[in-house]
Every structure is written in structure tokens, then in C-alpha cells.
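Enquirer: First to last, the protein sequences are chains A and B. With the numbering used here, you'll find the first sequence wraps up at 299, consecutive numbering, no jumps. With the numbering used here, you'll find the second sequence wraps up at 417, consecutive numbering, no jumps.
Calculated directly from the structure, the hints in this document are not laboratory data. Even for Gly, the Cβ is constructed at its ideal location relative to N, Cα and C.
Partner residues aside, some chain B positions facing chain A, computed with beta carbon under 7 Å:
hint	residue
1	107
2	128
3	131
4	134
5	136
6	140
7	153
8	154
9	158
Simulated DEER-style distance windows between Cβ atoms:
hint	chain 1	residue 1	chain 2	residue 2	range
10	B	190	A	190	21 to 27 Å
11	A	190	B	294	46 to 52 Å
12	A	134	B	70	43 to 49 Å
13	A	190	B	218	15 to 21 Å
14	B	109	A	118	28 to 34 Å
15	A	39	B	188	42 to 48 Å
16	A	219	B	188	15 to 21 Å
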Amino acid sequence: MGETKSAAARTGLLLAAPALLLLLLFYLFPVGRVLSLSVLEPTPGLGNYEMLFTSSGIQAVLSATARICLITTAIAVPLGYLMAYVITIGSRSMRTFMLYGVLLPLWVSALVRSFVWVTLLQRRGLVNQFLQSLGVIDQPLPLIWNEFGVIVGMVHYMIPYAVLPLLASMAAIDIRLVEAARGMGASRGRAFREVFLPLSMPGIAASAILVLILTFGFYTTPAILGGGRTMMIAQYITTQILVLPRWGVGAMLATVLVVVTIALLLLLSRFFDPSHSRTER
Amino acid sequence: MNGTPALSARNLTKRYGPVVAVDDFSADIQPGEFLTLLGPSGSGKSTVLSMIAGFSAPDAGRLHLRGQDITAWGPEKRAFGMVYQGYALFPHMTVAQNVAFGLRMRGRPKAQIAERVRTVLARVRLDGFEDRLPRQLSGGQQQRVALARAIAFEPNLLLLDEPLSALDRQLRSEVQRELRELNRDLGLTFIFVTHDQDEAMSLSDRVAVMNNGRLAQIGTPADLYERPANRFIAGFLGQSNFFSGDVEEQRGDEVAVRVGGLRLLAISPERLQAGTEVTLTLRPERIAVGDAARSCANVVEGMLRSRTYLGSSIAIEAEVEGIGLLLSTAAAWAPDGGGGATAFGEGQPVALGWSAHAATLLSER
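Sequences are here, hints too, so could you generate the full structure?
Expert: Shown next as C-alpha cells:
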């Protein structure tokens, strides 16, 4: 029994070996090499990591990144929740239509979408011209080349990623539970708050963590809509490595990014346990 | 019947696009009555329940609760208890929280809620399970929580949507007995939906049988079984043999019907013209087999085609000239200690007989 089991495990390992080897050779090894630079360049030691506490420039980038990512998540997830909810309770045709509406932007590159926002938000952009023609404002609003512009672009980009985990989680909720609550005297709002919302909590958490992870790595959107004035970590790393070049600092920040992402992924895996949201039968 | 009905459905109709799910459903349910909506799947019984509960609005017709029109009321205002197929317990709430939900929605004081939850859980023999989550309970226990939750807030009506379908046979008969007791003890009106004929027959005061969105017949289980109003009822509740024939003559209640080459006697209180096309329905257990058949008003000779041993009875199929296959069930064990119907062998000629009262006449082919 034990022997056949270990034999099966050996066969499994053997079958997976080419893929594992490929991963090791072309992914883990180079990534490990780059990350190891953070303790090797320019001199061996933890000097680069000290900069996390000493360099005000790095601290500013990190806090701006954290702020932008958290605000983006805080906006994208509620919007995504609203859309996922409408898709879940909507009619069949409505569901298909809205789902395409959510998924379609995924196939348009971040570059194109960022430039679309530039045309909309710039000083002589559609939004400012419209507001001025209405007489709501005298001077054009600074809608772009600042954190506001970056957040608008990032929220827009993140909505599908916020919607999808929420949709999966809501699909697992037995809608009769809401009916049951209504039948026992709960108003629509009360039934939603007491039953649907708590049952969709795992989806909210999964969606928030996924969006947070993805926003940390944003490069194109902040680069274009931030106009160089709002610097996020990915862009800062690029500058360190390609412009200056300070490989050690860039690798150190990349390591920080990887560690935070892995920590969030571990947290995320807890919310994909299907037993959390399923109705027991 | 007497007094104001607990619930009165008048001409309820529900369409989904071109499909008529429920067509002109009318029924009065008396206070304390156990009424079952019975029908095959797709017959519209669940849609009727959903309209009564207030989850779907009828396209036509009215609903009255003790004389008051509630057609426009939302489900929360109707305050009917409901037990769902698969129970629909709130998975994120404990047993006690589930049971307390309806009371909490009504804004009852905390102490009163706690007291009521205790009483109701004791009623369904689940005291001590207050802090468990639904997924930690067995199917039977979940079912009892669902029941406790539905009766906790003292609803006007209890609606049950195939609540027993997930239970195994033994548990099912136990819960059936509990349901009957609850109905009797609480004086609560029950509307029960099922596709299981035996369940409907054994539980209900009255059964409303639905077919293709229409109410086929409503009556006591005995009414439906003894006096089916149409071919569908006769075939759906238990088994029946059907023969098509023409009325030959009528003497008093007794009608002679020509079926194939045979002249069969049946009872009809109705006046039937000679030549009227009718269907004779005959329950298999009302057919005597062998020597016992000789003394009956109707005796036919057949060839025994198959014999199936069912434990308590034996099903016999015999080929009768002019009629076709005739199904009868006979006791497997005779009171004199003999083998009952086991004595008949396949391929042998056999006599089958029944009295005039045994058959029911339907004026449709």
C-alpha cells in the first residue's frame, strides 16, 4: 500500500519534471538572481534595505504607492460589487450584456486605455470643456498628471478584476436564502444586509486582495496619467535599473514587492475555500 | 364548508412568456387544514406556492387571507412560514439565530425571542443544538431547524415546498408523522407541495392535484382515489386499468358498457344515454383472481402473462381478449394459510372478476 503510493508519487514527479525544470531554469533562477542583487550590489550586506528607513525619496514612493493602491481598491471593489450584484440578480439577457461590458475592456491594452483617459481628462479634454461650456467651472480642473488621474485610470482598469471573484462568490449564494429572509418579514434592504452581504463577504475579501495585488505592479497607467509627478513603485524600480543604474536599490524594492504580493496571495488563498460560501444541503 | 377560509385563491394565473405555468387556479383552504398540492414536475404546483408566498405576482386572479385581499402584499407582509426544498437555512447563522430570524425581523424584545427559540427548538427535539451551524447537522436535523424557523414567529400559514424529498425513506415517515402532529397541535394551516402520491395521500386532509398548470381535482384522498374526476387522476393516484366502451343500457344506477366483445357492469349515479362513449377505470386491487372471481358481477377469462412478487402482494398481468392487458394485484398470502396468488402459473388460463361497484365511469375517452 505504502509502496504503491510512493511509486505513484514518483511517477507523478517524473511526469511533472520537465515543467518543473523549465520553471526552475527560466523563471525561479533568474528571478532569484535579480532579487539576490539586493543584498550583493553595490556591496554585500543589508545596506539597500536600510534605505527603506532612511531614504525619504523611497519612503515617499512607497507611501504614494500604498495610498493610491488602497484608494483604488476602496473605489473599485464597491463599484465591482454593484455590477456583480446587478449581473447576479438580473435577467438572462441583462446578465450576458453586462458581462460583456465588464470583460470587453480586458481585451484593450492598458496603453490605449490610458491615452483615452488623457484625451478625456486633460486641460482641453472633453470633461473640462463640457464643464466649462456649462459654466460650472471657470478654470479647467487639474484632472490629470496627478494622483487623481492615476486613480481614475487604475479604477477603470481594475473593475473587471474586482467583478470576477465577486461574481463567482455571488453565484454560489442560494438566492432562496434571500427569499426565505423576506418570507420571514425582512424588507428587501434588511434581507440584503442580513443574508446576502455576509454570504458574499469571502468574495469581497478575495476581490479586494486581488485588486490590491494587481495595483501594486501597475506601470503603464501611472506612468502616463501621473505625468512623472506621481511616482509609483514599479516606475521607480524601472528608473533605478534602467536609468541610473542602481541595481541594488531596484532589486531591493522588487524583493519588497514580491514579499508583499506573496503575503497577500497567502491571505487570498484562505478566501477561496468553497466551504465558506456554499449553502449546506 | 363553514366560516371564512384561511386562504382563498381565486382564478390565479401565471404566464412566463407564451407558457402558461398556472391556469385559473381556485381553491379555498380552511383554518387548520392540511392541504397538499400534488402534481408531476412542471405541473405548476410550485408556481402556485410561490404566488401564495408572494415571491411571484399572479398575472390574473386574487388571493384572500381570512377575507382580506393580499394579492398586492409583499412576502414580508404576508408573514407565512415557509419550509424549502433543501431547507435554505442561513449557513452563516447558528441554529438559534436561524430560528430567531423571523422574530428579530418583527422587532420582538430579546428576552421574548430567546424564550420562544427555546420553546420551538424543544418542540422539534433540538434543544442543546442552539450554537451549532447548519452544516454541522444531519439532514434530518436541518429539516427540523427549517421547520422550527418557519413556525417560530407564529405565522398565519405554513408553506412547505417538497420538504421531505432529501430525506431517506425511514426518516421521511418519521418527519411525516411529526408534520401531522404539528398541524394538529398548533392548529396551523399547512399548504404542502409534493410530487409523491403516497406522501400526499397519507398526510393530507385534502389534496389538490395539478396537471399542466390546471387544477385537475381537489378533494380528500379517499375522494380522489375512489371517485377520480378524470383519466389523469385515475392514472396518477395509484394504478388503474382503463377500458374504452359505449353505454348499452342503464337500469337504475347500474350501467352496462360494451367493451370490445364484452358486456361489463358498472355503477353510475348519472343518467347516461345508450351509445355514450365512456372510459371504465378499474383499480388492480379490486380484481379478484381465480375461484374468487367466479361469483363477481363481471367475470372475464384471460391468459396469465406475468406474475411479479412484491412481498405484501403479487402483481398479475393477464391478457384478456377484447380488452388487452389487465393488471391486478392480489394478496400473496391467503388467510387459510395457502399461497394466495402464488398458485397461478404463467401461461395458464385464469379467471378475473370484479363487482359493478369496483369500476368508475368517466365520460371521456
